[in-house]
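Q: Please build the complete structure, drawing on both the sequences and the hints.
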Amino acid sequence: MPRARNKADLLQSAQENYAKLMKLISNMTENQMNTPFDFSGDASKKEAHWARDKNVRDVLIHLYEWQQLMLRFLENNAGKTDSKSAIAFLPSEYTWKTYGAMNVMFWNRHQNTSLDSAKEMLSETHQKVLALAEKYTDEELFTKKYFPWTCTTDLGSYFVSTTSSHYDWAIKKIKLHCKKVA
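The sequence shown begins at -13 in the numbering used here and counts up by one.
Don't read these hints as lab results, they were simulated from the structure.
On a predicted model such as this, the values are computed, not experimentally measured, just so you know.
Check each hint, because a few of them may be wrong.
The calculated DSS-like cross-link candidates involving lysine-lysine, where the alpha carbons are at most 27 Å apart (straight line), are [to be verified]:
id, residue 1, residue 2
1, LYS(-7), LYS40
2, LYS105, LYS(-7)
3, LYS114, LYS165
4, LYS130, LYS31
5, LYS40, LYS161
6, LYS6, LYS(-7)
7, LYS166, LYS105
8, LYS6, LYS83
9, LYS9, LYS105
10, LYS166, LYS40
11, LYS166, LYS114
12, LYS131, LYS70
13, LYS32, LYS158
14, LYS131, LYS105
15, LYS130, LYS70
16, LYS165, LYS9
17, LYS121, LYS131
Simulated DEER-style distance windows between Cβ atoms [what the hints assert, rightly or not]:
id, residue 1, residue 2, range
18, LYS32, MET91, 19 to 27 Å
19, MET19, LYS121, 30 to 38 Å
20, GLN(-2), LYS66, 28 to 36 Å
21, LYS158, ASN20, 14 to 22 Å
Backbone N, C-alpha and C define an ideal beta-carbon position, used for all residues, glycine too.
A: This is the structure we're talking about:
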């Protein structure tokens, strides 16, 4: 499905990709589930996440933490009418150039989180994010700069990035792991 450009597509693609992700995980063999992710033999896998995430829990926690960012972003900026008082999407100590360090911080934070807890946490944030998306109109979601606190983009892009696109990323990563371990 192409990137959502309206609320109906946003909600549908988020639900579909979440369901695909959960089905993929539930169909993993015990060996696939228990073998650590290792993409070190693939020179094309240069991005930090290929080395960072070692298992399904790590991937789910990554999704959960980015949805937490989305929830805080919306909560912090609700009702704001100017960009000067807006609170950025990323925590103040990170930028779009340094968010890799934030992802590592998330990873470190959850090394004692169980897979079952990670699934529950993601399920909760998934539902919360979609419930918030439901509250906005197509115009509010997909008009660039509709909200001054979204800067040069539209709010829908934030929703897509933290749901369907991120789920797609997770699906590809887990599928590749499963293929390697099959």
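Q: Let me make sure I understand: some of the numbered hints might not hold for this structure. Which ones are they, in numerical order?
A: 1, 3, 4, 8, 11 and 14
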